[in-house]
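With the hints as extra help, turn the sequences into a complete structure.
Protein chains: 2
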Amino acid sequence: MKLILKKEDLNKGLQTVQKVAQNKNNNLTSENGLLIKAMNDVIEFQANDYDMGIKTIVPGIIEEKGEAFVANPYLMELTRKLPSDEIEITKKDADTQMIIKGGKLKFECLTMNPNDFNEVEILENGYSHFTTTSVVLKDLIDNTSYACATDVARPIFMGTYLDVQGDTISMVATDTHRLALKTAPLDSPIENPLQAVIPSRLLTEISRQLPTDIPEAVEITAVRSYLAIKFGNVYIRTRLIEGEFPNYRRVIPTDFQCSITVGRSEFTGAVERASIVAKDAQYNVINFVFGDGEIHLMSQNPDYGTIEDYVACQMTGEPLEISFNGKFILDILKHCHDDEVVLNTRQNSPMLVQDKGNEASVFVVTPMRTK
Amino acid sequence: MKLILKKEDLNKGLQTVQKVAQNKNNNLTSENGLLIKAMNDVIEFQANDYDMGIKTIVPGIIEEKGEAFVANPYLMELTRKLPSDEIEITKKDADTQMIIKGGKLKFECLTMNPNDFNEVEILENGYSHFTTTSVVLKDLIDNTSYACATDVARPIFMGTYLDVQGDTISMVATDTHRLALKTAPLDSPIENPLQAVIPSRLLTEISRQLPTDIPEAVEITAVRSYLAIKFGNVYIRTRLIEGEFPNYRRVIPTDFQCSITVGRSEFTGAVERASIVAKDAQYNVINFVFGDGEIHLMSQNPDYGTIEDYVACQMTGEPLEISFNGKFILDILKHCHDDEVVLNTRQNSPMLVQDKGNEASVFVVTPMRTK
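Chains as they are written, first to last, in the working numbering: chain A, 43 to 413; chain B, 43 to 413.
Simulated from the structure, these hints should not be mistaken for laboratory data.
Warning: the hint list may mix true and false statements.
[Said to hold, decoys possible] Calculated pairs, PhoX-like style, for lysine-lysine (alpha carbon to alpha carbon, straight line, at most 25 angstroms): (1) LYS123/B - LYS376/A; (2) LYS369/B - LYS143/A; (3) LYS321/B - LYS49/A; (4) LYS180/A - LYS376/A; (5) LYS369/A - LYS148/B; (6) LYS146/A - LYS369/B; (7) LYS134/A - LYS146/A; (8) LYS143/A - LYS54/B; (9) LYS123/A - LYS148/A; (10) LYS107/B - LYS148/B; (11) LYS54/B - LYS123/B; (12) LYS369/A - LYS143/B; (13) LYS143/B - LYS48/B; (14) LYS321/B - LYS54/B; (15) LYS143/B - LYS321/A; (16) LYS272/B - LYS180/B; (17) LYS146/B - LYS321/A; (18) LYS123/B - LYS48/B; (19) LYS123/B - LYS321/A.
[Unchecked claim] Just a sample of chain A residues kept apart from chain B, beta carbon distances all over 10 angstroms, derived: (20) THR175; (21) PRO197; (22) GLY311; (23) THR412.
[To be verified] Covered stretches of chain A (chain B as the covering partner; in silico rule of three or more C-beta atoms under 8 angstroms from a C-beta of chain B): (24) 120 to 126; (25) 148 to 162; (26) 338 to 349.
Glycine included, every Cβ here is placed at the ideal spot set by N, Cα and C.
If you want it as structure tokens, here you go:
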């Protein structure tokens, strides 16, 4: 193999597959590392593990075909610092060493047998398929998957539910204490509805890869217990979580006693301050009194003391006293975008939070019992 | 007690004493926390532990005299976020609670008995005393103390040696593998020479406090096994390390076989790249061949491969092959400031490194045996 690549193309290829290539949870050699493959007319970078496979094509000159299987966590750090914009990569088929040259630097990089690398399979004959854009998909992921559970007790809640029906795509995540739902329209309706629970940690990695400067078409295909995601030069295959995701629509409350409109940044500031001492206590409990013209916040820590604060608001309905985990409220506010947010509550019931001018995002948070 | 302070003054006071107030190594209640004292005509913040005591005065209005002993790691985070520029602090002598008010926020902060706080003693009758500036002292600390040892096996090397004689102030630190020495002139000569070993971790904290935007006079007094450091509104008392610091002048080599002048940033880049795979190995060994017109660097990692690189240089004397710990070389280069650095070496002997145009800083590093 002999390749000539621009440094930025090499780095882009490595960066795309890096996270999967260095999954620390893998002990299998064949699931660590990455494959540089120039067997046909393109230069491909691949990484593959049980959960996720990824491959990408980068531009460059193939002077001699070949492939190399490299497991080196420092490869990217090195190539980023190479003292030249043009990089030469060579490997003789009989050698175990791949030579990377940039400027006067020469790196003799140890490689493994490429036959030991499981190439990323291309999933075909999917039962369902749709197209969206990288911007829409990233927005859906970023505004929902954070709300998933992190403990392995109920694996289904470690995933984010993708629900595509008609001309609507929805994503929803919950840890049973709070729920985040976001919906977006599809340009062309899906033929067969698609429901799948995707591990949220894979979505985080997919979100990182999705370009947002220019929206790019993303093709998603469901095949058995996998999902294939294609955009630009990148192809990703992710495992799905098996099991049934609960009916999230039933969880979203509709009957309220009190509706509050409050400035997002003022409310965020007050909840942040009230969380400062409360976060050290077991649950970061903040007590809210939603009143006419004012929200009263109160938090306590037996070791440090009590914080009280007030934020101006508009209220319709009846005043209400209720407690929430401050971290959950802050998580929600971080994902709101309008100047004002609307809080719809009822005594001892989950609270619905939405941007004032935008109903595509829905947040639900259950109150805490404090007495 | 009733005080009116500007938020920035309150935060400055807290920031000054914070690190000492929250020393995690302390289990003694009386050594954690800080004292707010307005018993006379000034508002004082104090923190004190076995190693270091610090106090500072902040401007503000004393409406009622008093004091409060607070141990709350979140106090500063809260006061920084208070929604007002004017802060009111009140505490009734009989109460254990101190009330902090800013805007609509009220924090009832639990306090301890101020009699349990050991006030920072003012050291008097020092055996030696000198004056320098905050800029000079910070520069001396930052360019030497990093080279000290971190393991407790030989406590003397965990300190930085302060050596003040005549009109010269020197600081020097070593872990026996490398040494950093920096010297500066004093405006007026010291009467009695001062030698002291200051724990380097205390110097780091002192350096953090020293103002550099405008040079401020710093008065240093040695009293028994303590040093008192005074600048602006800040008074610091530090413990010294007992024992004799070795004669550092003997360690500095003077007889060389080869002298190399090399561009600092080019050399730094090459050492950084050669360290990428070597740093994962046991000692980050880099092999250098100092030749006529070129330095050849080579590093190896049995798991990942070999890196070779070249940097242009000027040489006088004879070519030389020698190995060093790349981390030590990078540490030195980080503390060089000129465009070019000079490396003076001799086979199997410590190397002397200096900025080309500045001999106030001296770095020594011992080679590694690789064969």
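Checked hints:
1. LYS123/B - LYS376/A: Holds, because 17 angstroms separates the two Cα atoms, which is no more than 25 angstroms.
2. LYS369/B - LYS143/A: Judged against 25 angstroms, a Cα distance of about 24 angstroms means the pair holds.
3. LYS321/B - LYS49/A: Holds, at roughly 23 angstroms.
4. LYS180/A - LYS376/A: holds (16 angstroms)
5. LYS369/A - LYS148/B: Holds, at roughly 21 angstroms.
6. LYS146/A - LYS369/B: Distance ~22 angstroms between LYS146/A and LYS369/B Cα, so the pair holds.
7. LYS134/A - LYS146/A: Holds. LYS134/A to LYS146/A sits at ~21 angstroms (cutoff 25 angstroms).
8. LYS143/A - LYS54/B: Given pair LYS143/A, LYS54/B is violated - Cα atoms ~52 angstroms apart, limit 25 angstroms.
9. LYS123/A - LYS148/A: holds (12 angstroms)
10. LYS107/B - LYS148/B: Holds. LYS107/B to LYS148/B sits at ~21 angstroms (cutoff 25 angstroms).
11. LYS54/B - LYS123/B: Holds: LYS54/B and LYS123/B sit about 14 angstroms apart, inside 25 angstroms.
12. LYS369/A - LYS143/B: holds (24 angstroms)
13. LYS143/B - LYS48/B: holds (12 angstroms)
14. LYS321/B - LYS54/B: Outside the cut-off at roughly 40 angstroms; violated.
15. LYS143/B - LYS321/A: holds (20 angstroms)
16. LYS272/B - LYS180/B: holds (13 angstroms)
17. LYS146/B - LYS321/A: holds (21 angstroms)
18. LYS123/B - LYS48/B: With a Cα-Cα distance of about 13 angstroms, the restraint between LYS123/B and LYS48/B holds, given a limit of 25 angstroms.
19. LYS123/B - LYS321/A: Between LYS123/B and LYS321/A the Cα gap is close to 15 angstroms, so the pair holds against 25 angstroms.
20. THR175: holds (38 angstroms)
21. PRO197: Given a closest Cβ separation of 34 angstroms, the condition holds.
22. GLY311: Nearest chain B Cβ is 6 angstroms from GLY311/A, so the label is violated.
23. THR412: Since the minimum Cβ distance to chain B is about 18 angstroms, THR412/A lies beyond 10 angstroms and the statement holds.
24. 120 to 126: holds (count 4)
25. 148 to 162: It holds: at least three residues are needed, and the region 148 to 162 of chain A offers 5 whose Cβ sits within less than 8 angstroms of chain B.
26. 338 to 349: This one holds; 5 residues, not fewer than the three required, reach chain B with a Cβ under 8 angstroms.
Violated hints, listed in ascending order, are 8, 14 and 22; each of the other numbered hints is respected by the structure.
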